[in-house]
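Engineer: Starting from the known structure of chain A, fit chain B with the ligands onto it as the hints suggest.
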Amino acid sequence: MADIELNAISKRFADVTAVDSMSLQVSDGRFVVLLGPTGAGKTTTLRLISGLETPEEGSVHIGGRDVTSESPAQRNVAMVFQQYSLYPHLTVRQNLEFPLKSPVLKTPSGEIKNKVQEVAEVLQISHKLSNKATELSGGEMQRVSIGRALVRSPSVFLMDEPLSSLDAKLRADLRIELKRLQSELGATMLYVTHDQVEAMTLATEVGVLDEGQLVQFGTPREVYEDPNSIYVATRLGLPRINTLPSDLFGAAPTGASTIGLRPEHIKFGEGKECTVTRVEHLGDQTRLHVELEGHRLITLADVNSAVGVGDALKVAPKNPLYFDADGQRIRH
Amino acid sequence: MSYSITEPSSRQKTVAGFLVITYSLVTLIPLLWVFITGFKTPPDSISYPPKVFFTPSLEGYVNLFTTRTRVTPEQLEALPPPANFAEEIVRNRKMVIAGPSKFGERFMNSVIIGFGSTFLSIFLGTLAAYGFSRFKVPLKDDLLFFILSTRMMPPIAVAIPIFLMYRKLGLSDTHLGMILLYTAVNISLAVWLLKGFIDEIPREYEEAALIDGYTRFQAFYKVVLPQAATGIASTAIFCLIFAWNEYAFAVLLTSGNAQTAPPFIPTIIGVGGLDWPAVAAGATLFLLPVLIFTIFLRKHLLRGITFGAVRK
Ligand SMILES: Nc1ncnc2c1ncn2[C@@H]1O[C@H](COP(=O)(O)OP(=O)(O)OP(=O)(O)O)[C@@H](O)[C@H]1O
Ligand SMILES: [Mg+2]
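Chains as they are written, first to last, in this note's numbering: chain A, 1 to 332; chain B, 1 to 312.
Chain A on its own, in the form it takes in the complex:
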């Protein structure tokens, strides 16, 4: 296993800058999750690390070695593709064997058999081993695609939304399995997801991307509690952070134009008067939609709370986050 270091890498496609002088350090054995909306450059970042794309500027180091001009095979990375990319002319078993039979690895056949069996069990696809890759459901394809990475012992794992097509239960199972495998192997993992829970539970560090730039990097807690900007603050947390004019509750720090309120930043029973417009019972949480002087707020209530539509409440901020006119955080 190895660490990854990106030094100010950039990648342009015609007139889009997919990755914009990004620097990133992933230490050995870390599980780094990349977050960002569609088009932020997450896939392109992984492709630059794997060697499927070469950067116009900057350099990529894996395990302390400059690999910028090396081929993917030389870099020895495993990648789970967003679009699966299973070999359609091969069976599931042959797909899983494929990396082990490569000229780089040339694994003995007994070992291949054991590895494939082991990985198939972890991913719950043992019963599909003799199916053609095309005769699978989307979720099954996705698991085979994860399996093709897991049969190897690469220097780093790159996974592009590997659990996106699975149902909730399987996703939860595999999330735990992936974390277990990663810590057992001491693997370095770079992982792309849109799923909050995955980001918060799997990551040792989270990197937030915006238009090809890395805008914040830190532990999930840091990124959640201490975001650099509104953009970062909206990436984590459900329900999403509420943003309101900063002077709504009276005095605000100088330069602040927006106040950001997560549910835990809202205190009931004092402050401004507001009305409940909707109550959503989600089982493990109850969401309140309230209207405050023409602004809409979403927050959490006690699961057993008896609040109903039309009720009047008083709310006040408690240690909120302030942002300036550009959306940058104001720390005091």
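A hint or two may mislead.
[Stated by the list, open to error] Derived BS3-like pairs: lysine-lysine, alpha-carbon spacing no greater than 27 angstroms straight-line:
hint, chain 1, residue 1, chain 2, residue 2
1, B, K51, A, K113
2, B, K51, B, K94
3, A, K314, A, K272
4, A, K101, B, K140
5, A, K132, A, K169
6, A, K314, A, K267
7, A, K132, B, K299
8, A, K106, A, K132
9, B, K222, A, K106
10, B, K140, B, K222
11, A, K169, A, K115
12, A, K113, A, K132
13, A, K179, A, K272
14, A, K115, A, K132
15, A, K101, A, K113
16, A, K169, A, K101
17, B, K222, A, K115
18, A, K132, B, K222
Hints listed in this document are in silico derivations from the structure and should not be mistaken for laboratory results.
Fair warning: this is a prediction, and the values are worked out from it, not measured in the lab.
Structural biologist: Just chain B with the ligands, lined up with the frame of chain A:
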């Protein structure tokens, strides 16, 4: 009864089947006529009205493979009894077998030149098509147009320059010369057809193979080629059919050593009267390799294309 929207109803299937069978019958009648003429005796083959029912004979095939000389009845009497059925058929016509004909040799020339040029066209065509499909080639569009433009005139339009060039280069009447010529004609078709097929194969598969530790060439060989099998098979059939049936250049450039079957078969007519059964026998045998080749590749043609394990 359950039914599916995409599955044709049984009535539609019956009608379609009926049309296909009718069409096949119409197109196959001439071939059938050639086939049965090969088993007639020469008098039966030219009788009027034409004979549909007749006693089959192998005389056409014997005549195709042998040269014969006429002998006097006395000489015939003096010979020992015929050693095999071919001898017997020939003696009934008051002749003896003088030796093998050139048909076997010419047929082998066709096989060598036809399959040789098909292999070469496919080999070069696949590599070129892959290169055009996957890499940034300078002036790609112009090059592709140039390659296609070689098909914009009938090949025979350049017969005279080629004839002169081949004579200078010593390629006239050689296997190599004919293989190169047919490859040159076929390669533009091969590049264009194969590029279409390879364009359809998503790059993601090769990328996955590169990540899995393979070089680009190995990825091409292990991942692209198997998926291009349908395209390669159909292109190979087109190339073989052209090279196999080509007549004009074969007449012009070959006379002995490298002569193929198409210019040879008609010359059988000249040997001792109008020997239609021998010509028909030659034509029948001539059809077989393409037929066998097509049946052999049919699995790939009908297999359809499996693009399904990539999420679009
Ligand atoms: N091969 C390419 N050619 C041209 N533009 C590209 C190419 N690949 C990516 N881009 C552009 O680069 C930008 C970043 O794309 P990328 O695939 O990295 O986004 P992403 O963060 O993975 O998004 P998603 O969450 O939708 O997968 C996008 O604007 C995209 O249109
Ligand atoms: Mg992506």
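Engineer: Against each hint, give a clear statement of whether it holds in the structure.
Structural biologist: Here is how each hint holds up against the structure:
1. K51(B) - K113(A): Measuring from Cα to Cα gives roughly 67 angstroms; hence the hint is violated.
2. K51(B) - K94(B): Given that 27 angstroms is the threshold and the Cα spacing comes to 25 angstroms, the pair holds.
3. K314(A) - K272(A): holds, 5 angstroms
4. K101(A) - K140(B): Violated: K101(A) and K140(B) sit about 35 angstroms apart, past 27 angstroms.
5. K132(A) - K169(A): holds, 25 angstroms
6. K314(A) - K267(A): Satisfied, since the Cα-Cα distance of roughly 8 angstroms is no more than 27 angstroms.
7. K132(A) - K299(B): holds, 17 angstroms
8. K106(A) - K132(A): Between K106(A) and K132(A) the Cα gap is close to 23 angstroms, so the pair holds against 27 angstroms.
9. K222(B) - K106(A): Within the cut-off at roughly 15 angstroms; holds.
10. K140(B) - K222(B): Holds. K140(B) to K222(B) sits at ~26 angstroms (cutoff 27 angstroms).
11. K169(A) - K115(A): holds, 25 angstroms
12. K113(A) - K132(A): holds, 18 angstroms
13. K179(A) - K272(A): violated, 44 angstroms
14. K115(A) - K132(A): Holds, at roughly 19 angstroms.
15. K101(A) - K113(A): Judged against 27 angstroms, a Cα distance of about 11 angstroms means the pair holds.
16. K169(A) - K101(A): violated, 33 angstroms
17. K222(B) - K115(A): Satisfied, since the Cα-Cα distance of roughly 22 angstroms is no more than 27 angstroms.
18. K132(A) - K222(B): holds, 16 angstroms
Going through the hint list in order, the structure does not satisfy hints 1, 4, 13, 16.
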